[in-house]
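Quick note, the sequences are listed as chains A and B, same order. Numbers given in our numbering equal positions in the first sequence, counted from 1, plus 10. Numbers given in our numbering equal positions in the second sequence, counted from 1, plus 1.
No lab work stands behind these hints: they were computed from the structure. There may be inaccurate statements among the hints.
Using 25 Å as the maximum straight-line C-alpha spacing, the simulated DSS-like pairs for lysine-lysine come out as follows [said to hold, decoys possible]:
hint	chain 1	residue 1	chain 2	residue 2
1	B	K146	A	K184
2	B	K146	A	K266
3	A	K212	B	K6
4	A	K77	A	K148
5	A	K14	B	K145
6	B	K148	A	K266
7	B	K102	A	K14
8	B	K102	A	K266
9	A	K55	B	K102
Now for the letters of each chain:
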Amino acid sequence: MALKGNLRDFTVTQLLNLISVAGKTGTLVVEGPNERVIVCFREGKLAYAQVGNDSQSLATVLHRSNKLSAAQYRAIAERAGRISDKELGLLLINARYVSQQDILASLQTHFLGVVNRLFTWVEGFFRFENDIMPPDDKITVRVNLENVIIEGARKLREWEQLQDEIPSLEMALKFTDRPGTNIRNVNLSVEEWRVVSFINPKNTIRQVATATKMNDLEIRRVVYGLLQAGLVEMVRPVGTAPLAPGQVAGLPQSSKEEQKSLINRIISRIRSI
Amino acid sequence: MQTVKMVVTGPFNAGKTEFIRSVSEIDVVSTERRISSQAERVKDTTTVAMDFGRITVDNDLVLYLFGTPGQRRFDFMWEILSEGMLGFIVMVDSTRPETFKEARSILETFRAYAPTPYVVAANKQDIAEAWELDDIRIALRLDKKVKLLPTVATDKESVKTVLLELLYSILAEMEGEGE
Ligand SMILES: Nc1nc2c(ncn2[C@@H]2O[C@H](COP(=O)(O)OP(=O)(O)O)[C@@H](O)[C@H]2O)c(=O)[nH]1
Ligand SMILES: [Mg+2]
């Protein structure tokens, strides 16, 4: 039902990850102490973002990213009047002032700036409104959230939080088999690449840390980013399992048949409660 | 007489006590343990509530249900409790996303203690604000293979289903279907 809460408790990183993995379409509204941010997603990808109620006009965005000169910007502001972003975009492309690529890249940078601003918020009410999208005359982009999430996770530095997320370095990592995730399409830092090259269910996180000469904090930071981006998941290291296959902890060393019969007795009992 | 145990864990207020109470044949004993200042590194002595429920299976088998103290600072007790458990249940309050992170952390901690089967109970599904299972699964980063069960801890049938699902997983693990 309602996807809403406070950033104090459910972080932006977790939120974006949820939206990304669930492939959600709709608008995320975050009310901070001083301002309000609106971010739209289509099928789990960033489509649009704005701060406050005023959306930046395309002309302003292009001017700020140096795609339009001050004179061009002034001319548009004076003469174009209440022209929509889409119309203005077409005009500019046809006049060969900018390319479609320029427009999309500038908007993408602008939207990412808005989203990145959220990562600095420790507090703020959020709600996600399914299927609500920006007005039709706005130009939208399609940005994978994985990189955004990795970027944001880098900002979450607090040791305690990392320790909460990854309480034990004795676990191992494996790549998630989630379709659509391709490790080569993600911008990883050198540190992250080093860790990635050691990811194997046979290696504990601690072993990876030793191999990459990282301390507990550094390895947790990297692993956290990879987890949040949904690239890896934690698993018990294989090959070091303290139990023989098929043997269940907590049961005395008895034959498999005896163990199964014991569990079946508990099952019948519980069914009859 | 043989005894086996299962552990019910999860953040404070998730519904652990309620869960155990719904199926236990004894009034749930919330034991108050004195924690010495030395062990706890806090000045005052403090108490920890730990739930304890019992289901007599037959003449020579008893199942105990232990509810862990929720507060993180008592997690040194978790390892003791988890020793020799058949499996564990992680309870999460579906109406309080602010506790999901804690639930996940507890889950990871227990997974690291023991390779026993576990299930996750999305509790308080009777309340309108409860998050949907699919969203909780993503928020908790649960693999598809992990059982995430809609739960109402105050409802005995619902609690029985959770216990049975855990037992089925334990059986499956014995059959070698586990990882
Ligand atoms: N509506 C509803 N309330 C519940 C449910 N489970 C527990 N509660 C309530 O949630 C509160 C916390 O439950 P409790 O078992 O004490 O949580 P614990 O801290 O994990 O032991 C109590 O007021 C319970 O009555 C449930 O499934 N539905
Ligand atoms: Mg309790």
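Status of the hints after comparison with the structure:
Pair hint K146/B plus K184/A holds up; C-alpha atoms about 15 Å apart against a cutoff of 25 Å. The straight-line distance between the Cα atoms of K146/B and K266/A is roughly 24 Å, inside the 25 Å bound, and the hint therefore holds. Pair hint K212/A plus K6/B does not hold up; C-alpha atoms about 30 Å apart against a cutoff of 25 Å. The hinted pair formed by K77/A and K148/A meets the criterion: a straight-line CA distance of about 19 Å does not exceed 25 Å.
Pair hint K14/A plus K145/B holds up; C-alpha atoms about 24 Å apart against a cutoff of 25 Å. A hinted pair counts as satisfied when its Cα atoms are at most 25 Å apart, and K148/B with K266/A qualifies at roughly 24 Å. The straight-line distance between the Cα atoms of K102/B and K14/A is roughly 15 Å, inside the 25 Å bound, and the hint therefore holds. Restraint check for K102/B and K266/A: the C-alpha separation of about 37 Å exceeds 25 Å, so the hint is violated.
Of the supplied pair hints, the one linking K55/A and K102/B holds, its CA atoms being roughly 23 Å apart against a limit of 25 Å.
Violated hints, in rising order: 3, 8; the structure is consistent with all others.
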